[in-house]
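Student: So you can see what is in the structure, the chains are spelled out below.
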Amino acid sequence: MGHSLKRKEDARFIQGKGHYVDDIQLPGMLHMDIVRSPYAYAKIKSINAEEALKIPGVIAVVTGKDLEKYNLHWMPTLMSDTQMVLPTDTVMYQAQEVAAVIATDRYAARDGKEAVMVEYEPMKPVIDPYKSLDPDAPVLRTDKEGKKDNHIWHWEVGDKEATEKLFNEAEVVVKEQMHIPRIHVSSIETCGCVADYDKINNHLTMYMTTQAPHAIRTVIALVAGHVGLTEEKVRVVSPDIGGGFGGKVPVYPGYVIAIAVSFLVGKPVKWVEDRSENLQADSFARDYHITAEMAGTKDGKILGTRFKILADHGYTDAAANPSKFPTGMFSIGTGSYDYQTTFMEADAVYTNKPPGGVAYRCSFRVTEAVHAIERITDRFALEIGKDPAQLRMENFIKKEDFPWKSPTGWEYDSGDYHAGLKKAMEVVGYDELRKEQAEKRKRGELMGIGISTFTEIVGAGPSKDFDILGIKMFDSAEIRVHPTGKAIARFGTKSQGQGHETTYAQIIAEELGIPAEHIQVEEGDTDTAPYGLGTYASRSTPTAGAAAAVAARKLRDKARKIAAYLLEVSEDDLEWEPGKFFVKGAPEKSKTIQEIVFAAYTNHPQGMEAGFEATHYYDPPNLTFPSGAYICVVDVDKDTGEIKVRRFVAIDDCGNIINPMIVQGQVHGGLTQGIAPAMYEELVYDEDGNILNGTFMDYLVPTAVESPSWETGHTVTPSPHHPIGAKGVGESPTVGAPPAIANAIVDALAPYGITHLDIPITPYKVWKALREKGAN
Amino acid sequence: MKTTIEKNFQVDEPIDKVWEYLSDPAKIVTCVPGASLTDTIDEDNYKGEVSLKFGPVKAKYNGQITFQERDKDNYKMQLLGKGLDSKGKGSADMLMNGVLVEKGGQTDVTCTMEVTITGMLAQFGSRLINDVSGSVFDQFVKNFRAKLAGEEVDNTLSAGSMIKGMFGKK
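Chains X and D, in that order, are what the protein sequence lines are. Letter by letter, the first sequence follows residues 4 to 779 in the numbering used here. Letter by letter, the second sequence follows residues 3 to 172 in the numbering used here.
If you're looking for bench data, these hints aren't it; they were derived computationally from the structure. Since this is a predicted model, take the numbers as computed values, not measurements. Among the clues, some could well be false.
Said to hold, decoys possible - Using C-beta positions, here's what the derived DEER-type ranges look like:
hint, chain 1, residue 1, chain 2, residue 2, range
1, X, Ser466, D, Val59, 27 to 37 Å
2, X, Thr758, D, Asp41, 54 to 64 Å
3, D, Glu45, X, Glu709, 23 to 33 Å
4, D, Ala28, X, Glu71, 39 to 49 Å
5, D, Ile43, X, Thr758, 57 to 67 Å
6, D, Val59, X, Ala707, 23 to 33 Å
Stated by the list, open to error - Over the 10 Å line for every Cβ pair with chain D, so calculated as not near, a few chain X residues:
hint, residue
7, Gly231
8, Gln393
9, Pro590
10, Pro726
Said to hold, decoys possible - With a straight-line cut-off of 27 Å between C-alpha atoms, the simulated BS3-like cross-links for lysine-lysine are:
hint, chain 1, residue 1, chain 2, residue 2
11, D, Lys89, X, Lys127
12, X, Lys641, X, Lys438
13, X, Lys178, X, Lys304
14, D, Lys4, X, Lys46
15, D, Lys60, D, Lys49
16, X, Lys127, D, Lys4
17, D, Lys84, D, Lys74
18, D, Lys78, X, Lys46
19, X, Lys134, D, Lys4
20, X, Lys768, D, Lys4
21, D, Lys84, X, Lys46
22, X, Lys46, D, Lys60
23, D, Lys89, D, Lys4
24, D, Lys62, X, Lys127
25, X, Lys48, D, Lys60
26, D, Lys4, X, Lys48
27, X, Lys647, X, Lys443
28, X, Lys127, D, Lys84
29, D, Lys19, D, Lys89
30, X, Lys489, X, Lys592
31, D, Lys60, X, Lys127
32, X, Lys270, X, Lys72
33, D, Lys89, X, Lys68
34, X, Lys489, X, Lys557
35, D, Lys62, X, Lys48
36, D, Lys89, X, Lys46
37, D, Lys84, X, Lys48
38, X, Lys57, D, Lys89
39, X, Lys48, D, Lys89
40, D, Lys49, X, Lys127
By construction, the Cβ of each residue, glycine as well, lies at the ideal position given by its N, Cα and C atoms.
Start from the sequences and build out the full structure, keeping to the hints where you can.
Tutor: Here you go:
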């Protein structure tokens, strides 16, 4: 623990020896490509496969009508909505799957796709979520019996009346309308699978890009059990994954079609998306329209907040939230501040856009919540003319007040927000920067300083509240130590680049004294790994990491018994130091863990179970609440609107740190994915539902060129309930960075009366806003 | 994906001759790059094809052309073209308004074109569509002048000019 052990997995990754879905080659394997809709909303008049079938190598064109015969043309979403696998009559968004071409090689499949002729009758789509609720808007989900509008669900939390009263009476009320843009995870590896159905043994092996292989196996069994694919006949293998970020949690139609085709023809079928298909059709993230309000006193005491959300879910609610949380953990949006009055409500609507709402490197809508609270806090500071750092310091929940009950029902486990912000201010040189800013303002130069002091909520989650499709959100670890003292450990999670093979080994090493290099970590094969809900929402360390620690402790208890037997002393006479038990007062009388394990196979006490294995399913008692204090400094060119991020200081508190180097790497990546929606990324649709930036030519993913030099650091406030005091860090930077950047840019523009800009804040937006205010 | 282009140009020909060419589908269509008439339904409705090339992407639209207005007295016309991609990859509509004004023996032509594109081509975004449409329009003007001057017009697609258009070098 606490050591920057080099990542064990990197040896294969940096030598190009990773093994991904697209590396899988099976004898007789067929290839699939997918015909997609050019329209956002249209009736399908006909699908003509004649020309496609003439292409050498093309063997079949599969349509919704074909799947309908087996009742496989639709599937449930993780949010208990329904989604077409292939349409039988209507397409609901641009790039929707329309038909699948099966061929003997990938090129023939692609040629076949070009040759399939589809006749459509376009209809006027619903694109604007606000217009989706108009009484005269067409009802999109006519497949749902009795559906009379495009409303999906309403959600609310907090005290509506008390909040109204507070806002009516408060000295100061500020309000901003914000859009958290629709963005895409854009992982380096797109989605894909190889479905391999063995007709003789009635067994399906599904190699796929999934962050949650066990849950997927259960879903396949639930959806296809009626055709004989019961759960013991299904094996899901998730090999190396090139980034997931939440985008590889849902089940996409392509997977289901591949399974159906393999099932029907009895041959393996490979499907791998291209870059544009991934960007245009796979689950988007965010797309929340938020009205954020804060009430307080003139001298800067925050008294309450109110948030009203309109959630654009596209054609179906295919978000990946825990079942009971349609807005995920948006209710963390009261933030790091000590007040008890809030009201939050959300309405979700259907539009003719791709479905989704995945938690992009985020515990289910925390990014949206943090943006709203951190932006409106700055807005409040601006309104009353108080320094935003000072305002935060005065309103933070105090260290001694933890565990702290939030007005939306969470119990924050621990935190020291004052220490985090103080450290960030020292590192960045806050007071000098404010002086510099004042001087620059006198000269008419634009410089801004933005702060974000966020509280995260991760590690979903305790079984009393958290499930996905009814399956509780525990996670698991199984440790087997071989006679020579080397171990294999398997988990219900699945790394997509997070470094589990190293950090899990370090946790076990810490608890059991076996060197991390002697612990082989495996995940992703449902035939061998224990059941778990997978990796997303920074949950691996809080759940499976905890399971590893508890399972290792079970083994340590057994080791103590064996050591007592070998040393012929009472268990109580033994003391543990990492790697061995020794007799109290006689440290020369000791047994190493390796000796003890060997004895477990060769000389174990009579009556004791032989072997040295333990499994634990960890059901966390609470979530963990990491926090951070981020400060961003920007310089803005008044004439061109160009924004330069000069400094970015990120002080994270993720509790006890297992591997500082991996944490730093996570923070660097996450900050870059934070600057992305803050300044560059947004999926843009026109009024006809055409995506206007469906390739990386127009959808701007920041690269090293755009990334500032990140300055990272940490404070450590251990989680009191986690076995090793860790909290999880994967998503903190993605969640915390956008408001810091937005606050900095708005701070730079404040002299011109600009109080808010929606992200992504591009030079054009800045130039336009300044121009409207007569600044350039 | 909607884009509107407005162009104004002068031709050194009398207004009635210009009108005759502009309002005659057989003449005007042969000036549109990549376009051809395939069938006459009646005097206001025609069937035709338009091919477009955006760098590596080629699209061919089959559709109908309708004269919604042909007002010879005021030299005003409105033309609606509706096309479906022949491979089911999208559609393109074009509403064109043309007005002629006589200016000292010359004719002043003002054209506005409202182009709506759906599907794969629309995904290139306004950046490309504007440039390519502008380049197509410029080629149309060139062809139209040539036609009026009695020269042979070659309205086959010139990939070079499209690509030039894509990068904004007009």
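Student: Each hint should be assessed against the structure and marked as holding or not.
Tutor: Comparing the hints with the structure gives:
no., hint, in the structure
1, X:Ser466 with D:Val59: 27 to 37 Å, "52 Å, violated"
2, X:Thr758 with D:Asp41: 54 to 64 Å, "60 Å, holds"
3, D:Glu45 with X:Glu709: 23 to 33 Å, "58 Å, violated"
4, D:Ala28 with X:Glu71: 39 to 49 Å, "48 Å, holds"
5, D:Ile43 with X:Thr758: 57 to 67 Å, "58 Å, holds"
6, D:Val59 with X:Ala707: 23 to 33 Å, "30 Å, holds"
7, Gly231, "35 Å, holds"
8, Gln393, "44 Å, holds"
9, Pro590, "71 Å, holds"
10, Pro726, "50 Å, holds"
11, D:Lys89 with X:Lys127, "21 Å, holds"
12, X:Lys641 with X:Lys438, "20 Å, holds"
13, X:Lys178 with X:Lys304, "16 Å, holds"
14, D:Lys4 with X:Lys46, "22 Å, holds"
15, D:Lys60 with D:Lys49, "20 Å, holds"
16, X:Lys127 with D:Lys4, "14 Å, holds"
17, D:Lys84 with D:Lys74, "24 Å, holds"
18, D:Lys78 with X:Lys46, "36 Å, violated"
19, X:Lys134 with D:Lys4, "20 Å, holds"
20, X:Lys768 with D:Lys4, "21 Å, holds"
21, D:Lys84 with X:Lys46, "18 Å, holds"
22, X:Lys46 with D:Lys60, "25 Å, holds"
23, D:Lys89 with D:Lys4, "21 Å, holds"
24, D:Lys62 with X:Lys127, "23 Å, holds"
25, X:Lys48 with D:Lys60, "24 Å, holds"
26, D:Lys4 with X:Lys48, "25 Å, holds"
27, X:Lys647 with X:Lys443, "15 Å, holds"
28, X:Lys127 with D:Lys84, "16 Å, holds"
29, D:Lys19 with D:Lys89, "38 Å, violated"
30, X:Lys489 with X:Lys592, "23 Å, holds"
31, D:Lys60 with X:Lys127, "26 Å, holds"
32, X:Lys270 with X:Lys72, "20 Å, holds"
33, D:Lys89 with X:Lys68, "21 Å, holds"
34, X:Lys489 with X:Lys557, "17 Å, holds"
35, D:Lys62 with X:Lys48, "20 Å, holds"
36, D:Lys89 with X:Lys46, "16 Å, holds"
37, D:Lys84 with X:Lys48, "18 Å, holds"
38, X:Lys57 with D:Lys89, "16 Å, holds"
39, X:Lys48 with D:Lys89, "14 Å, holds"
40, D:Lys49 with X:Lys127, "24 Å, holds"
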